[in-house]
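Chemist: Those protein sequences? They're chains S and U, same order as listed. Everything in the first sequence is counted per my numbering, starting at 2 for the first residue and increasing by one. Everything in the second sequence is counted per my numbering, starting at 13 for the first residue and increasing by one.
Keep in mind that a hint or two might mislead.
To be verified - Now the stretches of chain U that chain S is said to cover, found in silico as 3 or more residues with beta-carbon under 8 Å: (1) 87 to 93; (2) 140 to 146; (3) 209 to 223; (4) 233 to 245; (5) 303 to 310.
To be verified - List time: in silico DSSO-like cross-link candidates among lysine-lysine, alpha-carbon distance up to 30 Å: (6) S:K194 x U:K76; (7) S:K144 x S:K93; (8) S:K105 x S:K144; (9) S:K93 x U:K146; (10) S:K44 x U:K248; (11) S:K66 x U:K226; (12) U:K225 x S:K66; (13) U:K226 x S:K207.
Said to hold, decoys possible - Now the stretches of chain U that chain S is said to cover, found in silico as 3 or more residues with beta-carbon under 8 Å: (14) 29 to 38; (15) 74 to 80.
Hints listed in this document are in silico derivations from the structure and should not be mistaken for laboratory results. We put the CB at the ideal spot given by N, CA and C, even for glycine.
In case you want the letters, here they are:
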Amino acid sequence: MRLGLTIDLDTCVGCHACAVACKEWNGESLMAGPLPDYDAYSKEVSGVWLNRIRNYEHGTYPDTKTVNVPMSCLHCQEAACVTVCPTGASYKRPDGIVLVDPDKCMGCNYCAWACPYGARELDQNAGVMKKCTLCVDRIYDEKLLPEDRQPACVLACPTSARLFGDFDDPQSAVSRASATRGMAPMLGDLGYKPVNQYLAPREAPKIAVNADLSQKKSLAQLLRDWTGLGAKAD
Amino acid sequence: MRPALSVIFFTVSSGAGLGLLIWLVLGVATGEVPPAVVLPMLALGMALTTAGLISSTLHLANPKNAWRAFSQFRTSWLSREGVLAVALYPVAALYALLLSAKASATLTTVVGLALGLLALGVLFSTGMIYACLKTIPRWHSRLVPASYVLLGLYSGALVALAVIACTGGDSARLIVWALVILLAALILKAIYYLRFRVPQTHFTINDALPLGKKTIRLLDVGHTHGTFLTDEFYFKLARGHALLLRVIAVLAGFVLPLVLLLMGATSGLALSIAAMACLLGLLAERWLFFAEAEHVVRLYHGAARV
């Protein structure tokens with residue numbers, strides 16, 4: 002199994018709902034939470050987030066597109082964060098999810114150094130590393146309705162930009178989506194083989210500009226057009 | 013990378029201690045070290061190493077789990093370093109016992125060499141902790157473990173010379189070796205600095221976000237103040253500070269000891285000054301090693317290249 006997400010950069014509107022849902026769910030969950038905030042009501046507000054959304058401009062004006070990129074753990078197949086961990090707190094499950102065991106973590110930050118995607122953040126209060134759990138405490142919970150057994154970020158996304166599934170199952174929604182529109186892996190040269198897939202933004206269709214609209218008309222011409230008076234007879 | 017003082021002190025202090033242990037066992041095996049100095053040198057080497065190791069635990073957010081760091085030696089250089097460092101203690105104790113009991117020279121030498129190899133292993137592991145990270149291109153280089161080993165041997169040699177001179181002994185061969193190692197370390201560090209004197213392009217923002225060939229520019233990073241990521245990976249080094257520290261690193265770390273050794277300094281005071289200058293220079297060198305290293309996660313925060 003290779004559980005993971007596809008994130009559609011075409012439909013993501015950068016609303017941060019996924020990050021807020023993640024913070025909310027994991028703030029209560031026994032797996033990662035609580036996720037602390039530091040100086041929450043000051044100008045220097047900071048805190049632990051397992052998902053962060055950054056906005057980029059792709060292209061050169063006027064031919065540009067805004068691309069919103071939510072980033073959480075990509076659950077790499079060759080997860081360097083796991084191999085560098087000296088305590089064995091970081092581990093990869095048979096279903097592909099990379100987790101931190103807070104009872105073993107000594108808070109040395111070494112795994113965060115090994116992660117190219119900034120997916121791990123230290124919880125200064127608990128002294129342990131926190132990361133996306135792919136909501137492992139939701140997706141296997143049989144008390145939830147089957148449609149609710151998905152990560153909180155996926156359920157929260159208002160544009161359905163996020164899909165959850167097993168990449169080893171060619172029929173899964175994530176496999177089909179990434180087969181048609183999958184992007185090259187981020188920093189693929191590192192060889193970490195991230196499981197999560199981003200779907201590339203498509204080129205916006207070129208709409209021809211009406212030549213008439215682009216020409217300024219004189220006031221007299223506008224009057225003639227509006228009244229129909231003085232128009233040339235065809 | 014954020015230069016953590018605890019880690020900087022650890023690598024410099026332990027580096028000198030481990031280097032001192034290596035020179036000690038070589039010196040004992042060749043009869044170069046005056047017998048009266050052997051046990052004090054062993055104690056000093058272990059003390060410097062221990063001070064560094066204790067300092068290294070200060071940067072842990074959850075030190076109560078530090079004992080677990082000995083478990084993952086099959087994959088983690090940090091774990092290997094811990095295992096080798098702890099293995100030093102029983103071997104050093106046995107070595108001290110053999111030396112004070114005036115046991116057979118062969119046995120003493122064998123145990124001494126084991127101690128030296130362990131010390132070398134710790135130095136190499138420390139270098140590999142940094143060199144194995146592909147996410148920090150400047151560190152992902154053979155130069156890094158080589159310089160950790162050489163700088164450890166170099167600072168250890170100067171400390172050994174100072175200790176021997178302070179107790180009224182002298183060691184002409186060790187001075188020659190110190191000079192050789194000094195020059196080798198200086199050349200290695202010069203290569204490191206020259207190689208990275210210009211901005212590097214190991215990865216670009218287009219590698220980080222493979223959207224296509226068009227330019228990519230960060231519009232908004234999504235947070236108003238710093239985060240764990242900006243604290244840890246965004247150390248902003250002022251150009252003036254970098255230059256000043258590099259001058260300190262080269263002048264105090266290498267040039268002053270080189271001049272003193274070439275002038276034929278043999279007094280305890282002069283060699284102690286050389287050793288202290290070397291350690292000060294290495295602190296500056298180590299601070300720069302961290303402060304100048306760029307992590308690829310900077311690309312997602314808008315850096316065009318790393």
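Chemist: Please name the hints from earlier in the document that this structure breaks, with their numbers sorted from lowest to highest.
Modeler: 6, 14
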